[in-house]
Structure formats: structure tokens, C-alpha cells
Amino acid sequence: MQLAFGVAVRVIVVMAIVGVIGYLIDRSQSRRSL
Amino acid sequence: MSIGQIFVQPPIFGFPQTLHSGILAPLLPIFLMMDFLRQLEESGFATWVRESNSLLAYPSVLFLHTVGMGFVAGISALIDLRILGCASDVPLGDMRKFLPYMWAGFWLNAATGIVLFILDATTKAISPVFYTKMAFIAMAVVVAFLIRNHVFRDPLVDKRPIERYGKILAFASIVCWMGAITAGRLLAYVGPGVVSAGGR
Amino acid sequence: MSLANQAHLHLLLNHFPTIGTIIALGLYLVAILANHEYLKRACLGIFLIIALLSLPVYMSGKAAQEAIEGQPGITGGLIERHQDAALLAFVFMEITGAFAWLGLWQFRRVLRLARWNVLTVFVLSIVTFGLMARAANMGGEIRHPEIQATAATEGATVPDTEWLQTASIASFVNTRAWAWPATETLHFMGLCLLLGVVLIVNLRMLGVMKNVSFSAVHRLLPWGILGFGINLTTGWLFFITVPEQYTQNIALHWKMALVMVAGVNALYLTVFDEPWALGPGDDAPLTAKVIAASAIFLWLGVIYFGRMMPFIGGSF
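Protein chains in written order, with the working numbering: chain A, 1 to 34; chain B, 1 to 200; chain C, 1 to 316.
Next comes chain A alone, as it looks inside the complex (with noise of 0.2 Å):
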């Protein structure tokens, strides 16, 4: 279980950081109507 919940806990602290990235670049683009 320990192994388990390491697992877990590193792919959501990765794909946090991802997220915000892309959230980031994202917001980057404010609404553009072209």
C-alpha cells in the first residue's frame, strides 16, 4: 500500500504542475474572435 499511495502521490504532484502549465499557456489566449 505504501508503494501504492507513492505512485499516487507523484503522478498527481506531476500532473499539478502540467496542469498548471497548460492552463497557463492557455490563459496566454485571451478570447480571440478570428
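Please note that a few of the clues may not be correct.
[As the list claims (entries may be wrong)] The calculated lysine-lysine pairs, modelled on BS3-like cross-linking and capped at a C-alpha distance of 30 Å, are:
no., chain 1, residue 1, chain 2, residue 2
1, B, K97, C, K289
2, C, K210, C, K289
3, B, K167, B, K97
4, B, K159, B, K97
5, C, K210, B, K167
6, B, K97, C, K210
7, C, K210, B, K159
[To be verified] Far from chain C, some chain B residues (derived; all Cβ distances over 12 Å):
no., residue
8, I23
9, I30
10, L40
11, E42
12, S127
13, P128
14, F130
15, M139
16, V141
17, L156
18, R164
19, K167
20, A172
I should point out that these hints are in silico values taken from the structure, not numbers from a laboratory.
For glycine and all other residues, C-beta sits at the position ideal for the given N, C-alpha and C.
Go by the hints and put chains B and C onto chain A.
Just chains B and C, lined up with the frame of chain A:
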């Protein structure tokens, strides 16, 4: 002796008594079910999928399960990200058109998942990781229906900002699918029946 | 592909991240000085393609190592040093490629290249070229003792001074029980992000969700690139941790070939006029539909060969 070890041993003298009247009595239904699961596991179909050298057997089931995962979790994730405010150029209401593809992935995985379960039924049925995965999937499906009702069925969906409840649902959906994927992968590493370093 | 053929491939392809980068860099400098937008964009495209090509360069390098290590006249330490220097250069090459793609994507949306992006790619590509040249020089030393700076001969120990050390990273993954499963889980999540975007964007071309313009779904592409980036990183981690499982795995070779082709598709979707012109309610032209359908099949093929690595490749 762990619970798991008890169930993968063949019945031994004195063992049935413990099930009928002793401390293990509440587990009797599971034990009876184990017989059925063992039959499934030893059936011709399951044996063929598991032991055939054909690429159309176990490898193909795994492949299709991966594709289904990509369809269901991928499309769901993008809809959820849109609800959370990303890619706001895409009208959310129109994304409904992708829901059939998402559900196609879901059903593909339900079918391939049943096959994968049968291959190893007696072990999976007593695996906490397996039930964790099923729980995440069940929650993801419930959340998907809630999103359909509260977000997609809102007639003003693209005319006003999405309310907080919708965003919470979207976030929950992402978490549930991530949980399902993680638990799914951990099946090879944690729980009964894991030989050594699983997937490698 | 045999180890020997891959070694040959390595010698052939490694010219791209080295000579290709300096040519692109030179053109880019000219484009910046002359303020020539189209040429700038062309250079961004070249950087992106070179970043893609660097994947088989790196992987064939590993195979080349396996092909020649232990032979007389070959110093294992020199190969390790070259590999580590190449890794650092590879990381910067991919980062440069990512920023180049971002610039191209943003250009499509705001009709001009963001100045910060032009500058960032320029600086990154200079650093990348420097690191590539250094790695290339070390690579040359493996077979050409005549260019070695010192009188060090075979058997002499090579200092362990590289910033990124392949052996340390591989050892890290090997010694922590959580590392491999976590990497696999992330690889699956990247797959989902990537395939989700591939499906939405290409199915739009095929007619699903037709009253949405392509320019709207174009906004989803960075999420696909993020998914790809996760899988590139995790895939690389798998590769350097247990290379013997991969260097001669035919399924992986096919997978990477398909990834290369699918990568070109990403360029098409990002910058070409044909998809961009698709407005709300428009039906895509036949060529666009063929490209869209083949893109979906390409990525399904990538998943297929990825899943088949233990079975077709047979080395697990």
C-alpha cells in the same frame, strides 16, 4: 495468513466449518462466488485468451482496453478542461457531439475489462486495488451524468459563465479518471497475485 | 532493425541536430535582422522538425553504443560521456522545439510572432547548438583518437563531470519501487490527453461538431502537445532505464516511425491554411479529411505498437 492467501488455497479439512459458523462466516458468499469465478477463469475462452500465442488474444484485449481508455478519459478530460475555463473559444454545448465517442470508449473498456477480469477472476475479486479502480470508474460515470444534467442540459450553457458546481464536477471527473488509471496500473504491482516487479 | 543498421542510422541522422541547427540558426538570425516574418516562421518549423528527428538520433545512439562497446579501441567511458553530453543537448533541443511550436501556434491566432517567443527560441537554439556541437565532438572522439585533445589513450578513465548523467537517472528509476509504475501511469495519462485532442481536432475535420470553426478547436492543440511532452519524457525514462528491452524491439521501431509521421501531422494542423480556413458549418475538403482520418489511425497505430512491445518485440 492473509485473507488473500486463504482464498487461493484449495479447501482443506476443517476450513468449511470456519466459514459456516466461525469467524469467517460473513465471507461465505464470497467463498461460494470463488467457485464460480474459478470456473470462469478456467473456461475455454479465458484459457485461450490467456495462453494463446496469438496476437489476437491477450495482446489485442490489452490494446483495445488502452484505446478505450484514451477515448473515454481523453475526451472526458478535454470536456472537463473546457468546463474549467480552458480553450474558451470552443462552445461547450457543441462538445456534446463528442459524448457518443466517449461512451463508445467506455463500453469498449467495459467489454474488454470483463474479459481481463475473467482471465484472472479469483485474484481480481479479492484485490482491493481492483475495487478501488471500479469505485473510481463508478464515480466518474455518476459525475458524467451530473455534468450532462447540470452543464450540457443548461439552455444558457454558452451564454453565461459556468457556475461553480459545474466546475467542481469537472474537477471531480478529472480526479476520478486519474484515479481509475492509476489504480489500473497499480493492479500489476500491488495486491494479491502479484508475482514480483509486475509490469516490467 | 539490427544494432549495426541503427549505428549506421545514428551516423546518418546525427547531422540534423548539428548541421541542421546551425543552418536554421543562421537563417533565423538573418530573418530577425531583416524582420522577415515568413522566414522566421520557416525557421521555427525547421527547429521543430529537427527536434522531432532528434528522437531517433538519440535512440539509435543507444543502439550504436550496444553495437560497438567492448570492441578493441573503444573506450566505454568516452561513449558514456558522449551520451551524457548528448542527453543535455537533447533536452535543450526538445525545449527549443516546444517553444518553436508554441510560436507557430500563437502566430496562427494573433497573426504575428510574439517577440518574447522569437527571442526565447533564438537564445535556446544557440544554447542547443553549442551543446550539440560539444556532444558531437565527443562522439567523434569515440572512433577518432586523432582528434582527442589530450594524449589520453584507450583505457584511461574519463572524468564523470556531466550535469545530466544517464547512469544516475537509470539507477534512480531502478532503485525506487514507485518510479517505474509512476512513469507508466503518467505515460497513460499523457496518452489520454494526446489522443483526446487528436480525436476532437481530427473528428472535427471529419464532420463531428461541424458548427464549430477549426480555429476554435485549434486552441486545444497545446494540451495535445503537453500530452505528447509527458509521453516523450516518460518514454525516454523507460528507454534509458532498461535500454536492452528496447533497442532491438521491432515494435518500438515501428512506434517511433509512426510518431515521426504523426508529428508532421501536428505541424499541418498548427500552421497550414487549409485546416485553419474551416469555418463554422464548413465541410472540410477531401484532402483534409484524408489527413484527419490517417492521423487518427497513425496514433492508434502508435498505441498498438506501444502495447505490443512485450509481445511482438519479445524482449520482455
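Hints, one by one, checked against the model:
Taking the CA atoms of B/K97 and C/K289, the gap is near 18 Å; set against the 30 Å cutoff, the hint holds. Distance restraint check for C/K210 and C/K289: the Cα-Cα separation of roughly 13 Å lies within the 30 Å cut-off, and the hinted pair is therefore satisfied. Annotation: proposed proximity of B/K167 to B/K97 holds, straight-line Cα distance about 20 Å (limit 30 Å). For the given pair, B/K159 sits about 18 Å from B/K97 by alpha-carbon distance, which is consistent with the 30 Å threshold.
For the given pair, C/K210 sits about 26 Å from B/K167 by alpha-carbon distance, which is consistent with the 30 Å threshold. About 9 Å separates the Cα atoms of B/K97 and C/K210, which keeps this hinted pair within 30 Å; it holds. Proximity of C/K210 to B/K159 is assessed by CA-CA distance (about 19 Å); at most 30 Å being required, the pair is judged to hold. Its beta-carbon lying about 33 Å from the closest one in chain C, B/I23 satisfies the requirement of being farther than 12 Å from that chain.
At roughly 28 Å from the closest C-beta of chain C, the C-beta of B/I30 stays outside 12 Å, upholding its exclusion from the interface. Chain C leaves B/L40 outside its interface by the beta-carbon criterion, the shortest separation being 24 Å against a cut-off of 12 Å. Listed as a non-interface residue, B/E42 keeps its Cβ farther than 12 Å from every Cβ of chain C; the least gap is roughly 23 Å. Distance check on B/S127: its Cβ is at least 15 Å (rounded) from any Cβ of chain C, clearing the 12 Å threshold; non-interface status holds.
In this structure B/P128 is separated from chain C by more than 12 Å, as the shortest Cβ-Cβ distance comes to about 16 Å. The beta carbon of B/F130 sits about 16 Å from the closest Cβ of chain C, which is more than 12 Å, so the claim that it is off the interface holds. Every beta carbon of chain C lies more than 12 Å from that of B/M139, the smallest distance being close to 17 Å; the non-interface claim holds. With a closest Cβ-Cβ approach of about 16 Å to chain C, B/V141 is found to remain outside the 12 Å limit, as its non-interface label requires.
No beta-carbon of chain C comes within 12 Å of the beta-carbon of B/L156; the shortest separation is about 18 Å. Residue-level check passed: B/R164 sits 23 Å from the nearest beta carbon of chain C, beyond 12 Å. Distance check on B/K167: its Cβ is at least 17 Å (rounded) from any Cβ of chain C, clearing the 12 Å threshold; non-interface status holds. Its beta-carbon lying about 17 Å from the closest one in chain C, B/A172 satisfies the requirement of being farther than 12 Å from that chain.
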